[in-house]
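Chemist: What follows is the residue order along each chain.
Number of protein chains: 2
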Amino acid sequence: MNGAESLVRTLLASGIDTCFANPGTSEMHFVAALDRVPGMRCVLGLAEGVVTGAADGYARMAGKPAATLLHCGPGLANGLANLHNARRAAVPIVNLVGDQATHHRPLDALLTADTEGWARGVSAWTRTASHAYAVGADAAAAVAAARSAPGNVATLILPSDVCWNQGGVVARPLPATPPQAVDEAVIEAIARVLRLGEPALLLLAGPALYEGAIADAHRIAAATGARLMAPTFVTRLERGQGRHDLAKLPYPVEAAVAALAGIRHLILVGASEPVAFFAYPGKPGLLYPPGAQVHVLARPDEDGAGALAALAAGFKVRAIEAVAGRRPEPARGPITAAATAQTLAALLPENAVVVDEGLTFGASFYEAMTDAAPHDWLQLTGGAIGDGLPLSTGAAIGAPGRRVVTLQADGSALYTVQALWTQARERLDVTTIVFSNRKYAILIGELDNVGAKVGKTALDLFDLTDPALDWCALARGFGVEAAQVQSQESLADLLRHTNSRRGPFLIELVIP
Amino acid sequence: MNGAESLVRTLLASGIDTCFANPGTSEMHFVAALDRVPGMRCVLGLAEGVVTGAADGYARMAGKPAATLLHCGPGLANGLANLHNARRAAVPIVNLVGDQATHHRPLDALLTADTEGWARGVSAWTRTASHAYAVGADAAAAVAAARSAPGNVATLILPSDVCWNQGGVVARPLPATPPQAVDEAVIEAIARVLRLGEPALLLLAGPALYEGAIADAHRIAAATGARLMAPTFVTRLERGQGRHDLAKLPYPVEAAVAALAGIRHLILVGASEPVAFFAYPGKPGLLYPPGAQVHVLARPDEDGAGALAALAAGFKVRAIEAVAGRRPEPARGPITAAATAQTLAALLPENAVVVDEGLTFGASFYEAMTDAAPHDWLQLTGGAIGDGLPLSTGAAIGAPGRRVVTLQADGSALYTVQALWTQARERLDVTTIVFSNRKYAILIGELDNVGAKVGKTALDLFDLTDPALDWCALARGFGVEAAQVQSQESLADLLRHTNSRRGPFLIELVIP
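Which chain is which? The protein sequence lines are U and G, in order.
Everything in the first sequence is counted per our numbering, starting at 1 for the first residue and increasing by one.
Everything in the second sequence is counted per our numbering, starting at 1001 for the first residue and increasing by one.
By construction, these hints were calculated from the structure, which means they are not laboratory data.
Keep in mind the model is a prediction, meaning the values are calculated, not measured.
Quick reminder that beta carbons are idealized off the backbone N, C-alpha and C, glycines included.
Be careful, since some hints might not be right.
[Said to hold, decoys possible] Covered by chain G, per the in silico footprint, the following chain U stretches (three or more residues, Cβ under 8 Å):
| hint | segment |
| --- | --- |
| 1 | 29 to 41 |
| 2 | 198 to 206 |
| 3 | 250 to 264 |
| 4 | 278 to 291 |
| 5 | 412 to 419 |
The task is simple: from the sequences and hints, build the whole structure.
Modeler: Here you go:
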């Protein structure tokens, strides 16, 4: 057995059965091994940003990592932005990167690059395999590293000779480090803080945003008066009718500061301290009041959901009924953010997965879609735009049978628009709604935020009308059906149409 | 004056007047400064690979660097692959990367990444600016580093507060290190080697591939019987009717070994030792005979063209007339590589710039187009595919008035297809010919090369027919006119059409 085959067999033995790939020459033996070893679903991306973003979306929904397959340093580089997003979301990915043969690397052939150096910035675990007999063990270690709490990018670099040499050994799965239980003393200390009756806020992230944990947090809130909130950008949040609502921290600095004003105790449950996304002249970096005390109920690698359950139990409050909101009717008339969110809330299918890279136009959608049918909310988590279409692609594969609805800003969509082809090829149930405002609207706001004056050169740089992008032509070019809508009525018609069929569809929402 | 304005004024004073940009929030003050300071042409790319590849193409034709403008670590990461290609081509680029404010970086906001770490792998010079009063001097140093021989990627990272703070000082241009003259003793030593009369080959690269240097090399060949060759991938080679022909080293290992068989003396003129692009089981890494002696006439940072002139002068051979080949007639009939190259050779406009990322289908085009009208030949130089469309975009801006003809493999084109939009926006004279074979043909060959068996999973991974990409729809989606051709006659018609008008056009060449 060669190294490549031992690698594929080890991945399968460790529960990794999906591989998002954009292979090249150095990965040929891995590809050949896939033909000999059944069981690995291989999904092709036309660009590496699609591959890594899809691996992220898959893991968020499947609850386990996929593998990637990338080609040498530059192929990894093309995928780094979405690996950065995955790192910030604490999403597990087994990131495989083929590379020059060990004996060929010293010759510095043209494609040779600092693959390991580039990997480190996104990886909690990085290793370059060195022998065929050990690559199975390397793969098992990579899977364990990826699956260890809170979820990590683990990069295994595969020199081609390590894959083609004989002597491969299939390795048994290694145990991953699960989320650690929070110490009882910590839970008691937080309970004492909450009993003070001073203004307190629990900031929840990670698995503390799943339905049961949010319900427990609401019990704590009912008992103590503490407020609850999710960060601005969430990995995966379960919500919708019949579930407890949870506000998110607003993105603009002023709004975030206002939302946290008066807080005396900020209690982190798997979340980081809330800081401004960017610095702005004269604005604060920390978003909570200077006098507030920050407490940690659970670190990201600890069991935040378990800690919430224990804390709630201590307050002896029963389960609280979620407030039953009324599902809205589809809106009528022109395309506005409020009307579009209403139409979407009305027509979102049961158990949908919403991928939100809506940015400027989409800023209000989260709140406005609270009363939609039960759904998961997934977001761009690291600020590296161009995550939405790949994330949706992977989410659809990780959650078969559920429709994915992508709220997608147009400028951001263009970084990884190639993902549409994978959606067509894999016949994925994804409805992409492109918010076509034909500009980098967020940057026009940001120019103002940093106190700079908007002039002609700047406006030209943020303008996408010359030429205007034809989203329906782009989608069809990649094999995805598409249509343009300019009213709520036609948006509703198309949503009903896409909900009733299989496969991908793109709706270009023309924002007037 | 704030730091950003001092930066823009310093760049202009140092001769940098073109900036390829994909800015974000941290670059807003730079963008605002462009409105206050006239003279900088700003070219927007929809993705960072377009930006960095265009900066490469621009510098190859303009003979001086452009600036880039990228957004934080992930924006840089998206541009690394084409910076890697530029590094391998020794092309100067002033690579500007906006980043988190110095005081904001410790807060580890979501978009924060190891920008400097990622930059180092492609940059000969990397610096993070730290004060507004010094950023002008930083910019002058970056330009000098980029322009120093042989041409470098110089990365200057710009924390946003360094740009927005007052106290900017415009810096005077710093001297770049020009190519050093080759020592006379070295030239004499090489002359002695050549006088031995043993089989010798001069391998030319860099500026030794411009018309005059190639002519000098031919004088040396005439005097000594030495053979001449260019590397497989060239940065910019001047050729066509009335110029001296120069063979390129073939890409396949066996063909390259055969081409160099029997050589006793391998003389490098700005070139690296020829090594296999990838390692293959049982095949050699070094392509020249084990017994050959390797001599260096000029290192990449030395004046190879000057050394060739001095060497030629020593042999007292007059200028040799270039062999006048006959320009072919356009071919007729079906789409084959030979016929297509013939049609292109017949109809290539005078002084065109050919950008060659033709890969499998395009492998024979260089040789077949020898007798076309005078033209420059530019190639993907670092093996990170997805360079062709961006390179063409930048080349058209760096060489106004000359038509750029892009020979483009379809699989590679998809990595940076967004470049078409910039071509439309800037109304660039680029004719893109997509070799639409709807597969990763090169990988099917490579699977065989590495001795792996081709099975169904592998073939599926290399197949682009499900769904087939509609190149005309993609081009129109990005605002570029396009048409499909299935015969030499319609290819010829379209080439005549595009040659007679301004602006970009895409031809989908359907390979049967």
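Chemist: Work down the list of hints and note, for each, if the structure agrees.
Modeler: Verification of the hints:
1. 29 to 41: holds (count 6)
2. 198 to 206: Answer violated; 0 residues pass the 8 Å Cβ test.
3. 250 to 264: Since three or more residues must qualify, the claim that chain G covers the segment 250 to 264 of chain U is violated, with 0 doing so at under 8 Å.
4. 278 to 291: holds (count 5)
5. 412 to 419: holds (count 4)
In summary, the numbered hints that this structure violates are 2 and 3.
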